[in-house]
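Chains A and B, in that order, give the protein sequences. 68 is the number that numbering that gives the first Met the number 0 gives to position 69 of the first sequence; each next residue is one higher, with no gaps. 64 is the number that numbering that gives the first Met the number 0 gives to position 65 of the second sequence; each next residue is one higher, with no gaps.
Honestly, the hints are just simulated from the structure, not real lab data. Computed from a predicted structure; not experimentally measured. Misleading hints may appear alongside valid ones.
Listed below are several chain A residues computed to face chain B (Cβ distance under 8 Å; list not exhaustive) [what the hints assert, rightly or not]:
{"id": "1", "residue": "His9"}
{"id": "2", "residue": "Val10"}
{"id": "3", "residue": "Val11"}
{"id": "4", "residue": "Phe16"}
{"id": "5", "residue": "Val19"}
{"id": "6", "residue": "Glu75"}
{"id": "7", "residue": "Ser76"}
{"id": "8", "residue": "Gln77"}
Across the chosen pairs, the derived CB separations fall in these ranges [claimed, not checked]:
{"id": "9", "chain 1": "B", "residue 1": "Trp106", "chain 2": "A", "residue 2": "His9", "range": "18 to 26 Å"}
{"id": "10", "chain 1": "B", "residue 1": "Trp44", "chain 2": "A", "residue 2": "Asp14", "range": "45 to 53 Å"}
{"id": "11", "chain 1": "A", "residue 1": "His9", "chain 2": "B", "residue 2": "Trp44", "range": "24 to 32 Å"}
Backbone N, C-alpha and C define an ideal beta-carbon position, used for all residues, glycine too.
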Amino acid sequence: MTTHVSPQFHVVHDDQFTSVLRSASTLFDKFYQQLYDKAKWLHVNEQDSTSDDLYTFDDYWDAPPTSKQKTKKIKESQKNTACHTPLNPNRNVALSETLKTKLEKRELQQENGTLNVASKVEHGLPYGDPREPHRAVENIKYNLVQVNNYSVDLEH
Amino acid sequence: MFCAVGGHWQNGVTKQAIGVITQTAQTILLHAMSQWLGTVNKEFWTFVVRHASTFHNASIHCDIGKSPHHMFTSLPAPWKLEDFCIFGSPAFVLDKRLQDGDSLPKWRARCWLGVYVGHHWCTLEMSQSYTTQ
């Protein structure tokens, strides 16, 4: 409490709020208690609980659950909370392998002359291989069916 | 400051001053609400706006060396910064009979508890009074 006293009005000011009986910590403690009650997975002992699905945060990282039920529950929770989903280190590798496979397959097709018409048009290649005229025609027919929903018999 | 109807951009100085006062009042009121829960609430917004305005008008500009009140009226501000107290803080006011020199019964409270809501024209104002236990 400050010692400031107004001479005219005989007022003592409590600038530090020391005389307030209901301090701010009362509300904060209430909030903390609510958080503590809701976050049971932080403090509830697994041995004392009767629930089979209960697991604690530390136990999960020390020894990942092996039962099917726990694994299924964890996968569902990871789907629901994307921010908690651990990153898959193989994801980038898988993507790069897929891209690499596509490129290799296209190179092989280009070498063998088995690219379809759309790919050859895209890459500026001739439509058919002169050594395999029937395959080129089949590719043309296939692409026409896919795009225009009708086929043209180019053999006649 | 005057501006056309709807031409708020023509009144930038006033808008800026209103923004400064509003933000100051918001900060003061939130601090008081956090310090004295259940007593100081948002119904004190009129007092806190006037307190922030008075505090702003009494504050001396660092470059000019004058307060807004001094620049507007050419007279020094009637308030001193040391006279301001923390908004929303408890204030114990001596009973009027004791101020006048009279006596009170022995077990009667000597003062009453009020909330400091600022002073206007050098007048202390108490919005609410609480009798001491």
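Hint check results:
The restraint placing His9/A at the interface with chain B holds, with a minimum CB-CB distance near 3 Å, inside the 8 Å limit. Below 8 Å, beta-carbon pairs count as interface contacts, and Val10/A has one with chain B at about 5 Å; its hint therefore holds. For Val11/A, the interface hint holds, since its Cβ comes within 8 Å of a Cβ in chain B; the closest pair sits about 4 Å apart. The beta carbon of Phe16/A is positioned within 8 Å of a beta carbon in chain B (closest approach about 4 Å), and the interface hint is therefore held.
At its closest, the beta carbon of Val19/A sits 5 Å from a beta carbon of chain B; the interface hint therefore holds under the 8 Å criterion. Among the interface hints, the one on Glu75/A is violated; its C-beta lies about 40 Å from the nearest C-beta in chain B, farther than the 8 Å criterion. Given the 8 Å rule on beta carbons, the hint for Ser76/A is violated: about 36 Å separates it from the nearest Cβ of chain B. A distance limit of 8 Å between C-beta atoms decides the matter here; for Gln77/A the minimum to chain B is near 38 Å, and the interface restraint is violated.
Checked against the given bound of 18 to 26 Å, the beta carbons of Trp106/B and His9/A, roughly 20 Å apart, stay inside it. Between Trp44/B and Asp14/A the CB atoms are about 21 Å apart, so this pair departs from the stated range of 45 to 53 Å. Restraint check, His9/A to Trp44/B: a C-beta distance of roughly 29 Å satisfies the suggested window 24 to 32 Å.
When the structure is compared with the earlier hints, violations turn up for hints 6, 7, 8, 10 and for no others.
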